[in-house]
Amino acid sequence: MCALVESLRRPFDFAPDTEFTLEVNPDDVTPEKLRLWRDLGINRLSLGVQSFDEPELRFLKRRHTARQTIRALEQIRTAGFRNLGLDLMYGLPGQSLKRWTETMKTALSFAPEHLSCYQLTIAAGETPAPPSETPALPTPFARLAARGELTLPDDEAQRDFFLLTGQFLRDHGYVHYEVSNFAKGERYCCRHNLKYWSHTPYLGLGPAAHSSMAGRRWWNHCSLQSYTATLAKGELPVAGSETLTPEQLRLEALCLGFRTREGVALEIIRQFPGWEAVLSELQGSGLLQLTAGRVAATPEGLVVADRLPLLFVD
Amino acid sequence: MPNIRNFSIIAHIDHGKSTLADRLIQWTGMVEDRQFRDQLLDTMDLERERGITIKSNTISLPYTADDGKEYELNLIDTPGHVDFSYEVSRALASCEGVLLLVDASQGVEAQTVANLYLAMEHDLTIIPVINKIDLPAADIEGVKEQIDRELGLDPDMAILCSAKEGLGIDEVLEAIVAQVPPAKGNLEAPLSALIFDANYDSYRGTVVSCRVFTGQVRPGDLIRTMYNNTVHKVEEVGVFRLTREPRKELTAGMVGYIIANIKTVSDTRIGDTITLDANPALKPLPGFKEVKPVVFASIYPISADDFQDLAEALEKYKLNDAALVFQKDASAALGLGFRCGFLGLLHLEIVQERLEREFDLSIIMTVPGVRYEFILADGREVTVDNPMHYPDPSSIKGGREPFIRAHILIPERFVGAVMKLCLERRGVNSSFSYPSPGRVEITFEMPLAEVIIDFYDRLKTITQGYGSFDYELLDYRPSDLVKLDILVNSEKVDALSMIVHRDKARDWGVRVCDRLRDEIPKQQFKIAIQGAIGGQIISRSTISAFRKDVTAKCYGGDITRKRKLLEKQRAGKKRMKMVGAVEIPQSAFVAVLKTEIPRSLCACAFLPDQVPILRLLFHHFSRVNPCLPGSPGERGATLQRHLPRFR
Numbered sequence: 005m006c007a008l009v010e011s012l013r014r015p016f017d018f019a020p021d022t023e024f025t026l027e028v029n030p031d032d033v034t035p036e037k038l039r040l041w042r043d044l045g046i047n048r049l050s051l052g053v054q055s056f057d058e059p060e061l062r063f064l065k066r067r068h069t070a071r072q073t074i075r076a077l078e079q080i081r082t083a084g085f086r087n088l089g090l091d092l093m094y095g096l097p098g099q100s101l102k103r104w105t106e107t108m109k110t111a112l113s114f115a116p117e118h119l120s121c122y123q124l125t126i127a128a129g130e131t132p133a134p135p136s137e138t139p140a141l142p143t144p145f146a147r148l149a150a151r152g153e154l155t156l157p158d159d160e161a162q163r164d165f166f167l168l169t170g171q172f173l174r175d176h177g178y179v180h181y182e183v184s185n186f187a188k189g190e191r192y193c194c195r196h197n198l199k200y201w202s203h204t205p206y207l208g209l210g211p212a213a214h215s216s217m218a219g220r221r222w223w224n225h226c227s228l229q230s231y232t233a234t235l236a237k238g239e240l241p242v243a244g245s246e247t248l249t250p251e252q253l254r255l256e257a258l259c260l261g262f263r264t265r266e267g268v269a270l271e272i273i274r275q276f277p278g279w280e281a282v283l284s285e286l287q288g289s290g291l292l293q294l295t296a297g298r299v300a301a302t303p304e305g306l307v308v309a310d311r312l313p314l315l316f317v318d
Numbered sequence: 008m009p010n011i012r013n014f015s016i017i018a019h020i021d022h023g024k025s026t027l028a029d030r031l032i033q034w035t036g037m038v039e040d041r042q043f044r045d046q047l048l049d050t051m052d053l054e055r056e057r058g059i060t061i062k063s064n065t066i067s068l069p070y071t072a073d074d075g076k077e078y079e080l081n082l083i084d085t086p087g088h089v090d091f092s093y094e095v096s097r098a099l100a101s102c103e104g105v106l107l108l109v110d111a112s113q114g115v116e117a118q119t120v121a122n123l124y125l126a127m128e129h130d131l132t133i134i135p136v137i138n139k140i141d142l143p144a145a146d147i148e149g150v151k152e153q154i155d156r157e158l159g160l161d162p163d164m165a166i167l168c169s170a171k172e173g174l175g176i177d178e179v180l181e182a183i184v185a186q187v188p189p190a191k192g193n194l195e196a197p198l199s200a201l202i203f204d205a206n207y208d209s210y211r212g213t214v215v216s217c218r219v220f221t222g223q224v225r226p227g228d229l230i231r232t233m234y235n236n237t238v239h240k241v242e243e244v245g246v247f248r249l250t251r252e253p254r255k256e257l258t259a260g261m262v263g264y265i266i267a268n269i270k271t272v273s274d275t276r277i278g279d280t281i282t283l284d285a286n287p288a289l290k291p292l293p294g295f296k297e298v299k300p301v302v303f304a305s306i307y308p309i310s311a312d313d314f315q316d317l318a319e320a321l322e323k324y325k326l327n328d329a330a331l332v333f334q335k336d337a338s339a340a341l342g343l344g345f346r347c348g349f350l351g352l353l354h355l356e357i358v359q360e361r362l363e364r365e366f367d368l369s370i371i372m373t374v375p376g377v378r379y380e381f382i383l384a385d386g387r388e389v390t391v392d393n394p395m396h397y398p399d400p401s402s403i404k405g406g407r408e409p410f411i412r413a414h415i416l417i418p419e420r421f422v423g424a425v426m427k428l429c430l431e432r433r434g435v436n437s438s439f440s441y442p443s444p445g446r447v448e449i450t451f452e453m454p455l456a457e458v459i460i461d462f463y464d465r466l467k468t469i470t471q472g473y474g475s476f477d478y479e480l481l482d483y484r485p486s487d488l489v490k491l492d493i494l495v496n497s498e499k500v501d502a503l504s505m506i507v508h509r510d511k512a513r514d515w516g517v518r519v520c521d522r523l524r525d526e527i528p529k530q531q532f533k534i535a536i537q538g539a540i541g542g543q544i545i546s547r548s549t550i551s552a553f554r555k556d557v558t559a560k561c562y563g564g565d566i567t568r569k570r571k572l573l574e575k576q577r578a579g580k581k582r583m584k585m586v587g588a589v590e591i592p593q594s595a596f597v598a599v600l601k602t603e604i605p606r607s608l609c610a611c612a613f614l615p616d617q618v619p620i621l622r623l624l625f626h627h628f629s630r631v632n633p634c635l636p637g638s639p640g641e642r643g644a645t646l647q648r649h650l651p652r653f654r
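The listed protein sequences correspond, in order, to chains A and B.
Per the numbering used here, the first sequence starts with residue 5, numbered consecutively.
Per the numbering used here, the second sequence starts with residue 8, numbered consecutively.
Some clues are possibly wrong.
Just so you have them, the derived chain B footprint on chain A, three or more residues with Cβ under 8 Å [what the hints assert, rightly or not]:
#1 152–163
#2 208–214
#3 255–265
#4 306–316
Keep in mind the hints are simulated off the structure, nothing from the lab.
C-beta atoms are modelled at their ideal positions from N, C-alpha and C, and glycine is treated no differently.
Just chain A, same shape as in the assembly:
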């Protein structure tokens, strides 16, 4: 860990206000490690909590227990981390809105600066779009679902879960800045996340990492073996890349923008023929709102954010 951070600090100049996040699981956390992380300059932790409910954790095949999570949270705060994000998961089979609300309440009792609440989805047989050398294996959940042993809540219930989550967290003072992301005030919006959605350049290091700059996107080999082998040959470990056409950039701007509170600049929307009618219709049906030159999804619009871009393209 020290070596890794050192090797990052050597070539890169870290700004004083760098957001330096470490993703950890509750069972990773010990007071010693926390001290080390602090010393290395890590100033934000993202903790894979998922749930505070034991049966749910077992269902999700997590290594940690709720008790471990609570201890980890206490230690993190004691160690002086003032920027903490929790990952939670909802929409689990058999989960009620009430139980999910309880989970959120427990999470809020630790006053996290950031929450990522992900609806459980099954990536059945999905192949990764950037062609990489390892084909995506169906997840264990996908296999369960294929056997009919796993049923997710239906659309209507998922919608209820989604709307409730947003409403509950907003009521508790969180900014709903993206479909699944909430921050306790503007300054805790995750900069790491935001860059993905605004075509900001980013560099990803390590196997399977994606990078993007100036309309070009590339991704590293997934397997550690090909990654190191390519590096050993003195080449970049890039497995593939794409250069986006202006049209593709526009399309992405819509599909990423409609997922965020920031929305999409009206100048971009204007480039889609017939946009006026679509926009006014979607404003009328309460899915989009136009404020200060930007078009953003309402909470109702966020529930169907995947559809919205399609309505603007011919």
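Could you slot chain B onto chain A? The hints should help.
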């Protein structure tokens, strides 16, 4: 006059006609044995790419018989489907004899009987041939008995063969020489030649296939078509080998082709008589009939921009298919398109298939219908083959619809199920006959409209593949006809309207509403689908609005995947039709009339090792020859594997 034998092979749909034809070609040494399949089919691919025909439907086989004499055996191929019975009759009129092919395992079927009657009408020598004797299920004695009892032919004359294994082919060839009467005709009389087929060649124009009955014709002659009354100058005459082979002349008795700068196939009529302009025959050969379409449907381009392309494609297609008729049509839901008339449902499917394959068009075809007659209050009579032209209901005094006589041949145990099917389809005046023990021929008079959708499929299903079906048009009969409209969110989708018998309107309404519900994707709002007669709603279904559609995570690698999905959806959207605010996919229009596999193609059976035959099928679509060998068991899977269009 050379020793000419003009003959045809007639058979039920999968009794092995094409295979036998191929064997005869091979046996007479037209192609070297070893190279037979490969060579023939390779050339075929090449020619297909160029869009011209190679293996013409007619072929002259030079044959040295056991008696040591040279013969010219003209095999005149016939389309094997009821849609094309007139064309079959003209081909048979050009022959002196036929091979009546019967599958040793399947026995005599409805089309075998129908074909026999056709051959008898033309006074032809009939040689029964029992094919597929190599099959384990072959029942030669049983089939001989059927030939005796059901066909009234001498079973001892039947030749046993297996076209697939090449058994008995010599016997077939010798029987043609010995039994088919030699072609005769007065050479000195004025020219009379029967047109039994016509194909379009992009370099030469129409190539007319004909049988010369009297006189002779040479390049340079001015010929006149006696019904169409057009005059053309002959450029080339010849006979069909594997390719066209020019000759100095065609003389009485011969079968061959004439090229005379005839621009489109539509300029010729099957059954017309060709004579010399300078020295015309006294009267045309008998049997000419105007071919009239009986099944109608509209074709629209998926994208309105493609209308011009569709128009051009139809024009080009028509060059080689005189039977297709079409005229401009406009739908509020689907825009500009064409109302087309077809000889039957198979013909319709062929046209659809070829437009999509060969012209790369995405089209929507509406539910096929028939031509109805209406008697109006003011005494006028109108014919309506397009639901959009359904008269004002208050002005209608009565309606009439075309009836057919259906002949259905089945094993006895299916009688109940088939009766039920026919009665459901408004069948009347049934009669039974028992051509042989265990087998029943059911005859029903039925509305044509009831058999053009789904009937053959259903018959095959309920008889486990054993039922066979043939029909002839009878007459127009009074019928209580209404127009069923389909409304999507209260907007009438005119392209889905149909004229139906009042008793059937509800069933249809329910069926269409259900199919549409399954095919139209969820949209932002609830969609109501209704079937209505006038203002009265008779069926309905609802598509709920989609409620949740957002993916939870969208980071680094997800973005590309997400955009690609969007791009795919965007492409899919181009195949949607907007009706009001509702997007209806092309598949919805198709689903309304489709079962799983197109019915007529179901009848074309083939084994996996006969895939080349499948290619042949598509090639032959121009002059339809769906008589493919094979066993019913293998149909669906192979078909679906090879015809990706059929989901």
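Structure-based check of all given hints:
no. : hint    : result
1   : 152–163 : holds (count 4)
2   : 208–214 : holds (count 4)
3   : 255–265 : holds (count 5)
4   : 306–316 : holds (count 8)
Checked against the numbered hints given earlier, this structure breaks none of them.
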